[in-house]
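Counting with numbering that gives the first Met the number 0, you get residues 0 to 227 for the letters of the sequence shown.
Please keep in mind that the hints were generated in silico from the structure rather than gathered at the bench.
Among the clues, some could well be false.
[As the list claims (entries may be wrong)] Mimicking EDC-like on lysine to aspartate or glutamate, the simulated pairs with C-alpha atoms at most 20 Å apart in a straight line are:
| hint | residue 1 | residue 2 |
| --- | --- | --- |
| 1 | 101 | 176 |
| 2 | 101 | 56 |
| 3 | 74 | 23 |
| 4 | 215 | 166 |
| 5 | 215 | 160 |
| 6 | 214 | 164 |
| 7 | 2 | 34 |
| 8 | 74 | 86 |
| 9 | 213 | 160 |
| 10 | 115 | 23 |
| 11 | 2 | 66 |
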Amino acid sequence: MRKISNRVLFNHYIEKYGIDNIFDKEILDHAQLLEYQKGELVLEAGSELEYLYLLVEGKVKVYYLFENGKSMFLKLYHGFQMLGDVEFLKDIPVLCHIEAVKDSQVIAIPADFLRKAYHDNANFMRYLSETLSEKLYVTINNSSYNYVYPLANRLSSYLLESVTEQDQIVIHTTYEEIAQFLGTTYRHLNRTIKDLESKSIIRCDDKIIYVLDKKKLRDLAKNILIQP
Numbered sequence: 000m001r002k003i004s005n006r007v008l009f010n011h012y013i014e015k016y017g018i019d020n021i022f023d024k025e026i027l028d029h030a031q032l033l034e035y036q037k038g039e040l041v042l043e044a045g046s047e048l049e050y051l052y053l054l055v056e057g058k059v060k061v062y063y064l065f066e067n068g069k070s071m072f073l074k075l076y077h078g079f080q081m082l083g084d085v086e087f088l089k090d091i092p093v094l095c096h097i098e099a100v101k102d103s104q105v106i107a108i109p110a111d112f113l114r115k116a117y118h119d120n121a122n123f124m125r126y127l128s129e130t131l132s133e134k135l136y137v138t139i140n141n142s143s144y145n146y147v148y149p150l151a152n153r154l155s156s157y158l159l160e161s162v163t164e165q166d167q168i169v170i171h172t173t174y175e176e177i178a179q180f181l182g183t184t185y186r187h188l189n190r191t192i193k194d195l196e197s198k199s200i201i202r203c204d205d206k207i208i209y210v211l212d213k214k215k216l217r218d219l220a221k222n223i224l225i226q227p
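Using the sequences and the hints given, assemble the complete structure.
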């Protein structure tokens with residue numbers, strides 16, 4: 000992790016994501032811009048939450064590590080996301096590992112200072128509750144469908160979320176990460192992709208997937224909500 004002492008870049012992110020509508024100048028004066036390289040932990044499970052993080056560039060993955068050494072993948076975040084919000088609100092140790100899967104930049108705000116300054120701030124608490132409720136909704140929804148529906152249905156919904164007007168999906172992540180997100184193995188995912196290809200529903204060309212029959216893909220998706 001390294002600190003980025005570039006106020007112009009800092010202010011660019013503040014303006015780009017409207018962060019000054021969530022925090023006032025006094026709070027932002029205590030914030031700093033940090034960069035985590037691919038593979039670095041932004042938050043480590045079991046540690047105390049020192050900062051509330053705002054992901055402003057890059058991509059991170061959230062996973063839970065069990066005592067037996069196994070892990071459960073929970074979510075990929077990219078774009079603007081708040082990290083550590085549950086721990087901040089409950090004032091508890093960090094629950095999950097959050098790891099940078101590519102070089103990522105975050106705005107870090109000291110948690111203790113923020114608690115004292117914003118304990119009774121209605122705008123911030125409203126924003127916090129809205130983001131937490133959205134994350135809870137998506138997590139419950141996706142976990143339920145991962146349990147109930149076959150992979151062909153879940154994969155179809157995943158693809159429809161990302162399809163362009165040219166009926167293409169550009170894969171910006173690895174197929175291993177897609178498999179983790181869909182609650183399956185890379186081998187099973189690969190078999191399912193080949194099955195959809197054999198039915199002339201899609202055609203896979205490395206990092207680009209072409210949708211050949213959108214109606215059949217929609218029928219398979221069954222209106223499942225999947226947010227990559």
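Query raised in the report: Does the structure break any of the earlier hints, and which numbers would those be?
Result: As far as the earlier hints go, 3 and 11 are violated by this structure, in ascending order.
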